[in-house]
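Protein chains in written order, with full-length UniProt numbering: chain A, 1 to 126; chain B, 1 to 126.
Don't take every hint at face value.
For chains that are exact copies, the list does not tell them apart, and a pair is met inside one copy or across any two.
List time: in silico EDC-like cross-link candidates among lysine to aspartate or glutamate, alpha-carbon distance up to 20 Å [claimed, not checked]: (1) K70 - E19; (2) K7 - D22; (3) K70 - D97; (4) K7 - D52; (5) K70 - D30; (6) K70 - D22; (7) K7 - D97; (8) K7 - E19; (9) K70 - E9; (10) K70 - E84; (11) K7 - D55; (12) K70 - D55; (13) K70 - D52; (14) K7 - D30; (15) K7 - E106.
For the record, the hints were derived by calculation from the structure and aren't laboratory data.
2 protein chains.
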Amino acid sequence: MLVPILKQEHCLIASIQGELSDAELLLLRDQLVAQVRQHRSRGVVIDVTVLDIMDSFAARTLRSIAQMTKLLGAQTVIAGIQPEVAMSMVQLGLTLDHAMIAMDLEDGLALLRTRGARENDVGHQP
Amino acid sequence: MLVPILKQEHCLIASIQGELSDAELLLLRDQLVAQVRQHRSRGVVIDVTVLDIMDSFAARTLRSIAQMTKLLGAQTVIAGIQPEVAMSMVQLGLTLDHAMIAMDLEDGLALLRTRGARENDVGHQP
């Protein structure tokens with residue numbers, strides 16, 4: 001299942017529509033990295049609302065995406081983690097370092113907007 | 001291949017023109033540290049756009065430069081990391097701690113300018 005990637009102003013939105021295979025996760029990573037560069041995006045929101053499971057490969061791939069986009073100058077936000085997913089992630093010791101977390105897509109975009117506004121005012125944080 | 005270092009107001013710009021040997025990287029480090037001191041620079045932008053590979057020595061040297069210049073009061077920005085370089089850096093576990101990241105040279109200088117403006121408003125950050 002391919003993940004549609006939408007461009008909205010300076011952000012990219014990847015809205016996951018169903019469970020993804022490992023290969024599909026890697027494809028999502030490669031596409032996001034390429035599009036961040038192409039569109040000079042400032043932020044990426046990955047909406048994981050529909051996922052009711054997050055295995056170690058998925059968590060690792062999301063972490064990689066966050067790290068890679070950061071090296072390109074864009075902040076990644078993971079939005080919509082379900083409570084059961086959050087619980088199992090903690091129990092399995094899975095983390096999402098380098099990414100910011102938001103309740104849902106709307107919250108994620110707001111986060112990037114306020115972050116962008118702050119950076120325009122007072123400079124980027126590393 | 002020597003790296004030209006340009007002075008622009010309170011910033012130094014090191015524009016890498018091609019692959020650098022380990023010795024050339026160390027020379028760049030030494031020159032930047034000396035010039036930050038000499039010109040009392042507030043920021044350094046290292047433009048790595050032309051690099052299509054970043055090995056562990058290069059990443060470590062860039063990290064050192066960022067740490068050293070920070071101790072002299074100047075923020076280092078690494079600008080123009082290519083998507084493939086970002087991907088391989090994450091896969092190899094290479095990081096650029098202490099440096100800020102910008103999309104390109106222009107973005108890097110803007111980052112330092114807004115950062116400088118903030119510091120003038122609210123006092124320097126350590």
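Tested hints:
Taking CA atoms no more than 20 Å apart as the test, K70 paired with E19 passes in neither setting, with 25 Å inside one copy and 23 Å between copies. With identical chains, the CA atoms of K7 and D22 are never at most 20 Å apart, being 24 Å at best within one copy and 40 Å at best between copies. In the homo-oligomer, the alpha carbons of K70 and D97 lie at most 20 Å apart both inside one protomer (11 Å) and across protomers (12 Å), since each shortest distance falls under that limit. In this homomeric assembly, K7 and D52 never come within 20 Å of each other (Cα to Cα): the closest approach is 25 Å inside a single copy and 26 Å across copies.
With identical chains, the CA atoms of K70 and D30 are at most 20 Å apart within one copy only, with a shortest distance of 14 Å there and 27 Å across copies. When the C-alpha separation of K70 and D22 is checked against a cutoff of 20 Å, the pair qualifies neither within a copy, at 22 Å, nor between copies, at 25 Å. For the homomeric pair K7 and D97, neither the shortest alpha-carbon distance inside one copy (24 Å) nor that between copies (29 Å) is at most 20 Å. Taking the closest pair of Cα atoms, K7 and E19 never come within 20 Å of each other, the shortest separation being 22 Å inside a single copy and 34 Å across copies.
In this assembly of identical chains, the alpha carbons of K70 and E9 lie at most 20 Å apart only when taken from the same copy (18 Å versus 27 Å across copies). Taking the shortest Cα distances, K70 and E84 sit within 20 Å of each other only across copies (13 Å), while inside one copy they are farther apart (28 Å). Within a single copy, K7 and D55 get their C-alpha atoms no closer than 27 Å, and across copies no closer than 32 Å, so neither meets the 20 Å cut-off. For the homomeric pair K70 and D55, the shortest alpha-carbon distance between copies (18 Å) is at most 20 Å, but the shortest distance inside one copy (23 Å) is not.
Taking the shortest alpha-carbon separations for K70 and D52, only the inter-copy value of 17 Å comes in at or below 20 Å, while the best intra-copy value is 26 Å. Taking CA atoms no more than 20 Å apart as the test, K7 paired with D30 passes inside one copy only; the shortest distance there is 16 Å, against 37 Å between copies. When the C-alpha separation of K7 and E106 is checked against a cutoff of 20 Å, the pair qualifies only within one copy, where the shortest distance is 14 Å, while the shortest distance between copies is 23 Å.
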